[in-house]
Amino acid sequence: MDIIKEYGFIIIFFIMPVIFVIQPLFLPMIEEKKNQLSVDGLKRKKLLIYRQIKELEMDHDIGNINESDYKLSREALKQDVSEIITKLNSL
Amino acid sequence: MTPIAGSVALNLAFGFSILTVLTLFLYNKNGDERLFLTGQRLALGISFFVFLATFILAYQLVQSNFDIDYVARYTSLETPVVYKISALWAGQSGSLLFWLFILSIYTTIVILQNQQKHNSLMPWVIITLAIVQMFFLVLTNYVTNPFKPTDADFIVSNGNGLNPLLQNVTMAIHPPTLYLGYVGFSVPFGFAISAMINRDTSPLWIQSIRRWSLVAWLFLSIGIILGGWWAYRELGWGGYWAWDPVENASFMPWLTATAFVHSIIIQEKKDMLRVWNMVLIIITFTLCIFGTFLTRSGVMSSVHSFTGSSLGPIFLTFVFSIMIVSFGMMYFRRNDLRSTKKMESFTSRESGFLFNNMIFVVMCFAVFWGTLFPVFSEAIRGTKITVGPPFFNQINIPIGLILLALTGIGPLLAWRKTGKKILIRNFTFPIITGLIVAILLLIIGLRGAVVISFSLGAFVTATITTEFTRGIQARRKKFNESIITALIKIVSKNRSRYGGYVVHLGIVFMFVGFTGHAFDQEKEFSLKVGESNHVAGYNFKLIQMSETERPNHYAWISDLRVTNDEGKFVTNLHPEKRIYFHRNPDPNRRQPHSELDIYTTMNRDIYSIFSGVDSENSVAFIKIMVNPLVQWVWLGGYILVFGTIVALWPRKDQ
Chain R
92 MDIIKEYGFI
102 IIFFIMPVIF
112 VIQPLFLPMI
122 EEKKNQLSVD
132 GLKRKKLLIY
142 RQIKELEMDH
152 DIGNINESDY
162 KLSREALKQD
172 VSEIITKLNS
182 L
Chain L
65 MTPIAGSVAL
75 NLAFGFSILT
85 VLTLFLYNKN
95 GDERLFLTGQ
105 RLALGISFFV
115 FLATFILAYQ
125 LVQSNFDIDY
135 VARYTSLETP
145 VVYKISALWA
155 GQSGSLLFWL
165 FILSIYTTIV
175 ILQNQQKHNS
185 LMPWVIITLA
195 IVQMFFLVLT
205 NYVTNPFKPT
215 DADFIVSNGN
225 GLNPLLQNVT
235 MAIHPPTLYL
245 GYVGFSVPFG
255 FAISAMINRD
265 TSPLWIQSIR
275 RWSLVAWLFL
285 SIGIILGGWW
295 AYRELGWGGY
305 WAWDPVENAS
315 FMPWLTATAF
325 VHSIIIQEKK
335 DMLRVWNMVL
345 IIITFTLCIF
355 GTFLTRSGVM
365 SSVHSFTGSS
375 LGPIFLTFVF
385 SIMIVSFGMM
395 YFRRNDLRST
405 KKMESFTSRE
415 SGFLFNNMIF
425 VVMCFAVFWG
435 TLFPVFSEAI
445 RGTKITVGPP
455 FFNQINIPIG
465 LILLALTGIG
475 PLLAWRKTGK
485 KILIRNFTFP
495 IITGLIVAIL
505 LLIIGLRGAV
515 VISFSLGAFV
525 TATITTEFTR
535 GIQARRKKFN
545 ESIITALIKI
555 VSKNRSRYGG
565 YVVHLGIVFM
575 FVGFTGHAFD
585 QEKEFSLKVG
595 ESNHVAGYNF
605 KLIQMSETER
615 PNHYAWISDL
625 RVTNDEGKFV
635 TNLHPEKRIY
645 FHRNPDPNRR
655 QPHSELDIYT
665 TMNRDIYSIF
675 SGVDSENSVA
685 FIKIMVNPLV
695 QWVWLGGYIL
705 VFGTIVALWP
715 RKDQ
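Read top to bottom, the protein sequences are chains R and L.
Just so we're aligned: 142 in this note's numbering is position 51 of the first sequence, and the numbers increase by one with no gaps anywhere.
Just so we're aligned: 257 in this note's numbering is position 193 of the second sequence, and the numbers increase by one with no gaps anywhere.
Next up, chain L with everything else stripped away, as it sits in the complex:
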């Protein structure tokens, strides 16, 4: 398991990627099946060598082989084993290898899955995936090699260690899930390119990628939610979303991917929106590469951007190449992409889907503009102008509320056209529910976007309830089943439909959580042992402050006793002030970090941060935030994941 074997494996993978493309090009020309088999095996060979290189790097990280620059930069002898493994995606070269590793897993699955299916799209799918692998192999072989030896002309006895912010279990899971999402869209993109080259733009290619798209979308969603969870629990500013460039980099493809997973339903069922679906998957994949570029190039300053480098021009060239080739191909295949069917009515489910798609794309454009505005302003006027959360909130809150409304409206519309009678019958209960909630909120004194958000949430929940109730009633009428049996049957026979409704319910929960942000309260104060302070109906008393030394840090631990206004005990909170690399003789290399403690309920979170310590006078500097409804965001995330799994669960005929 020598490091040199890792470099050789990456070189061989690069060679195999070139051979894969050449062999399959030849197959497409002369149709010799032996060439197709060889091309398939070459592609499996790329994956094999990438797996090998990744395992070798992981092994070197665990073994603390500081002769490798990457190992010395991102781990130290004190780093716990789990974080030594997660250091694989902590730095630039490792994370690019990890991207490649995930792409290789996906490529292997696609090849093995379609081996017996004689899928006519496969040769070009493999070529497309091999070209993407080739790009990342160029980077990992020649631009930023993870196996590069340490520059020092002495034996490196210990490494720098991992950034303390990354020493968190969530952070060990968040990047892989996000990457599983980013990389996952390579597969639908490969099928889209292949469908255009083969002039097979009927709904069949959509059928091949529907599940892949949902899997990638699910991972991207989990990655984004985990990122929010990590930011909330680790960064210590009390929020989970800050419109940070790297957060936006994952949110943009999520928006277009969400539009895509909706609009492919129209193509699958009605053979419409062929061009639109192509545009969406090309943009989604391009944004995934662009997201990797934003995180890894150092072009944007961000709390999440852990690297700075000269990768920018290479990534940008690849991003533009993807767009030029893909849209060029669309232009040459414009006749094949023309749908024969047209929308028949404005009040149809098809037009509802299209409208929701447009809103998603508009939102994506707004986020894109805001994210890159500093870059554009610097390029044009020479000054970097950053737009902060107020810009994003001002634009995206109304758009988000429109999307929430459409989440409720869409399922109530019928395919082709919705007659007046059906329109009135379907909308009456949800609208009345939404109005009742709005009136009640106005009576208790709430105003503005908060009222709109909660009442739209009620409207969508009523829609989902109506859909489930109608389905159960119809089933019971037809088969005389019990409510539970009918519920199980309608869901199991229409998984994507009812799984989708569950996802919508998850979104409603998340919006309730987002709306809770309007009621956040915070206060910063200092406390000596025995003193107390009051925030948002709670009393905080510092019972004691202790110190401890752990393997990779030194910590001051505060013991805060929380009681409510009536003096009733609520909880004890133990936020910590830590110093990582505390044994380092160079004080500049020691890193302070606040490990917060949170008391959570469905109504509110009590969020405590130990922001500073005066150990001589035994004074703790504490920040308290009371954040209502945050748990609804995470609960919504669980529901969203559950709904997507229901929608993905294979049917008997699959």
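For reference, chain R alone in the conformation it holds in the complex:
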């Protein structure tokens, strides 16, 4: 009984993890997802700029930024977003 317990322990805690680790090496070749990587990056950038626009609006609403700076910054951020959207559409 003790031997079974000991072997069971070895199989569960030491052999199973090894099988789990080496299993991907027996899979067929997986294609690289470079395209997916850049799409993800651009989407995250877009999200970041949307947030910045919202925060800029908040600063403007509470009077922490003057009108000309607000317009200038907003236009710059909008320009960045449109460039990202163009890139995303081309992918």
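Do not rely on the hints blindly, as some may be mistaken.
[To be verified] Below, computed lysine to aspartate or glutamate pairings styled on EDC-like, alpha-carbon distance capped at 16 Å:
1. R:Lys145 to L:Asp264
2. L:Lys541 to R:Asp152
3. L:Lys542 to R:Asp152
4. L:Lys557 to R:Asp152
5. L:Lys557 to R:Glu148
6. L:Lys541 to R:Asp150
7. R:Lys136 to L:Asp264
8. L:Lys485 to R:Glu158
9. L:Lys481 to R:Glu158
10. R:Lys136 to L:Glu332
Everything labelled a hint here was simulated from the structure, so no lab data went into it.
Here the structure of chain R is known, so what remains is to put chain L in place on it, guided by the hints.
Below, chain L alone, put in the same frame as chain R:
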């Protein structure tokens, strides 16, 4: 669950860490996704074996298996179960395994979180984390193995037991939270290294680590506050911070981490300070490793340093390796790290942030210098010169007050530049508030740093109030909402901003508490039953003194009745004098300990210590301290935690 399984698990984890690094190196070379998957799973395998080893050690501690040296050293049959578990981080080898355990939790979360994101930074993040794990696996496998059998050639029937100072619930929580902070910075550090290697130093990597940095910062803050709480309630000297080397070891990375969590906002929003942020995260992570070294190497004598060992050279080699590799990498990537944008005005929020960052770093340097001065002086002149609290207070009180002022000034400045009109409008109310408080304090006779601290606290509170009021007003004007709805909306839509303000409020509360220290009073006296003594407007009468034996100690308990000057009853205090391991036949192994009792209000604490007993003549030696405003420090801590949780709370798009 045999101890040998623990050793094997640690060996396998070490082997897996080498394989993880090799596999992911190969992946970076040939781009075969199968290798990336294998590397990820190998890294999960390291974590699995570390978890296994940790659980085996915890099980052995609970089972009191004194065949293991570590179990015999830090527990005994009398040790309560909760402290048997906390003995896991009481000694050197156990605490290093515990460090590794937490790092493995973080590594597992990072891998699982980014599995579906195809994050290009991930391979190097995993390599960096695996190298850090490898370092700790070398220590736990080959230098200080927690599963080492007991040296004795006889059956060990009982262990040494846990240090009585560590037999405290706070002490059972404080090290894990501190470690969660220390270890947490491995993740942003891993992302920083990966961003440099991948030449992806845009604000995107910052976005990946902002929450991780805040989580690590939160745990480090909680760990430091709990450490102060433990020192205050357990060590019996009446304070919560003594500029002890080990306290400083946690405070230094906290300072640079605080600078970092501020300056990443600039990179995220303005794509500035790329180099500065890299420097800050490298220094923060290095200081976290250095902090572990200070606690665990025995190089500094400290009330918190429970171990002494020869780990020093290994840790120092690792610390220098981290710095050489990281700063070397920064040098080779200097062109990628160059920001395209520049500061436009001195009166901008960006420059406010940068100035606050510099002050944090200066403070960190001052603490570093003071902490290591004994080591430097011994190395250079052969004599160990220790600098005590007066040095640290003299340097850090003015710096701390400047930081407090900046906490108020920063939010009032606009991004890019602050026009004269906005400057006057934003600063008028907070400055007037601060001045009114200063004048009132001067009128009641207070002088010096106390007045500055309280009035700056008022200034910052006014700033925070102004920011909330303006936000609510703007929201109400735009959407016609009630005050409560507008408050909820502005906070929920701008969590990091308003969460940050709440954290600032917590800091103000803590400064109020720190300032209260200037008014502390104390007195030491002896009392027989029925006698009384007078301290700071309170009368202390010894009603009775009793004795009792508990499972792991013997105690004398005093019953002190406290009344005020008018004779009105205030409270009863029961400080105890304890002898741990009292049944040990060797008197040198018995450990005396004073368990204090505190009566707390928001205004002041009455702190009683039973410092000695003459049982033959029934005389108790009592020390009383009246410490004003200490509760403000702990309340500030709660507010700080709450604010950070608000800032961390995920948005819908996350």
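Hints, verified against the model:
{"no.": "1", "hint": "R:Lys145 to L:Asp264", "result": "violated, 25 Å"}
{"no.": "2", "hint": "L:Lys541 to R:Asp152", "result": "holds, 9 Å"}
{"no.": "3", "hint": "L:Lys542 to R:Asp152", "result": "holds, 9 Å"}
{"no.": "4", "hint": "L:Lys557 to R:Asp152", "result": "holds, 14 Å"}
{"no.": "5", "hint": "L:Lys557 to R:Glu148", "result": "holds, 12 Å"}
{"no.": "6", "hint": "L:Lys541 to R:Asp150", "result": "holds, 14 Å"}
{"no.": "7", "hint": "R:Lys136 to L:Asp264", "result": "holds, 13 Å"}
{"no.": "8", "hint": "L:Lys485 to R:Glu158", "result": "holds, 12 Å"}
{"no.": "9", "hint": "L:Lys481 to R:Glu158", "result": "holds, 12 Å"}
{"no.": "10", "hint": "R:Lys136 to L:Glu332", "result": "holds, 10 Å"}
Hint 1 from the earlier list is the only one contradicted by this structure; the remaining hints agree with it.
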